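Sequential numbering of the sequence shown, starting at 1, is according to UniProt numbering.
Misleading hints may appear alongside valid ones.
[Claimed, not checked] Pair by pair, the computed Cβ-Cβ distance ranges are:
id, residue 1, residue 2, range
1, 48, 175, 50 to 58 Å
2, 219, 96, 37 to 45 Å
3, 246, 57, 34 to 42 Å
4, 79, 182, 25 to 33 Å
5, 159, 48, 36 to 44 Å
6, 59, 114, 35 to 43 Å
7, 52, 173, 45 to 53 Å
[As the list claims (entries may be wrong)] No more than 25 Å apart at the CA atoms, straight line, and that leaves these computed lysine to any residue pairs for SDA-like:
id, residue 1, residue 2
8, 9, 19
9, 9, 108
10, 126, 31
Quick caveat, the hints were computed from the structure, so don't treat them as lab data.
Just so we're clear, the structure is a prediction, and the values are computed from it rather than from any experiment.
Note that beta-carbon positions come from the ideal geometry of N, C-alpha and C, so glycine has one too.
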Amino acid sequence: MLRTETIDKWVRGRLGDRLVVESREPLLVWQGHFPPVYAFRRDEVADGALDPAPAPARDGFSFFGPQLPVAQWYDLRVGDRVLRAGAWTLDAEPVQDRVVLTWEPGRLDWTEEDEPVTGHPRDPHKRVEVLSSSRHVEIAVDGVTLASSDRPVLLFETDLPTRYYLPVEDVRLDLLEPTDNTSVCPYKGRADSYWTWPGPPGLPNVAWSYSSPAPAVGAVAGRIAFYNELVDVSVDGVAQERPASPFSAPAQRPGAGA
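Could you put together the complete structure from these sequences and hints?
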């Protein structure tokens with residue numbers, strides 16, 4: 001259930017303007033099917049930053065928390081800043097002597113080399129690619145067409161369904177309701193616009209857009225994509241089967257319960 005791999009990226013985590021951790025050989029740790037986290041040697045963490053703390057109260061599942069038993073929790077203290085339960089050690093033999101620091105958005109600022117990364121470390125075994133296409137893509141829910149386009153940008157991401165990013169002009173935004181939901185992705189950046197389908201069966205935050213995506217996927221900027229898992233997708237007149245993915249489960253979708 002636990003897998004590790006040393007990687008040669010220069011990784012830094014900051015609390016405000018203070019460096020908390022720095023490594024040029026961090027250990028990637030996969031906890032089952034979850035994205036990886038970094039586990040650092042204690043000498044890579046700033047002196048005095050780790051303050052043993054009791055386990056925090058946790059209400060249900062947390063994507064950004066530990067997914068294996070914890071041996072010890074820590075508050076992170078740097079100068080006059082304190083980040084409660086910002087680090088922990090896992091009770092697992094290969095990594096017991098290393099420390100994991102939180103990647104929950106809004107807590108620490110992370111860079112891999114000199115690029116900001118959010119959400120979780122980038123998995124070296126995953127690939128994201130975007131391609132412009134002239135395929136005809138239609139999106140519908142219960143027979144209601146929400147989008148129709150001959151100008152999609154297809155985004156291919158390892159282990160996930162193909163996503164069809166469509167021009168705003170080709171989406172029936174008058175049938176959708178904007179929400180204040182946002183999410184982060186280490187490969188694509190910050191999705192800063194979401195829309196809900198208000199009609200039956202009710203699909204909260206079923207569509208999203210990146211106004212300023214990461215450079216590697218810049219072609220999706222300002223375009224809108226839908227969860228294939230929840231809507232009816234037709235490509236060149238051929239109905240696509242609804243895929244199964246982690247996002248099929250409501251708890252895995254950002255803001256699904258909002």
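How the hints compare with the structure:
1. 48 with 175: 50 to 58 Å: Given a distance of about 55 Å, which is inside 50 to 58 Å, the answer is holds.
2. 219 with 96: 37 to 45 Å: holds, 44 Å
3. 246 with 57: 34 to 42 Å: Violated: the Cβ-Cβ distance is about 26 Å, outside 34 to 42 Å.
4. 79 with 182: 25 to 33 Å: Cβ of residue 79 to Cβ of residue 182: about 29 Å, so the range 25 to 33 Å holds.
5. 159 with 48: 36 to 44 Å: Holds, at about 40 Å.
6. 59 with 114: 35 to 43 Å: Once the Cβ atoms are compared, 36 Å apart, the range 35 to 43 Å for residue 114 and residue 59 holds.
7. 52 with 173: 45 to 53 Å: holds, 51 Å
8. 9 with 19: holds, 17 Å
9. 9 with 108: Holds - the C-alpha atoms of residue 108 and residue 9 are around 18 Å apart, at most 25 Å.
10. 126 with 31: Holds: residue 126 and residue 31 sit about 16 Å apart, inside 25 Å.
Checked against the numbered hints above, the structure violates only hint 3.
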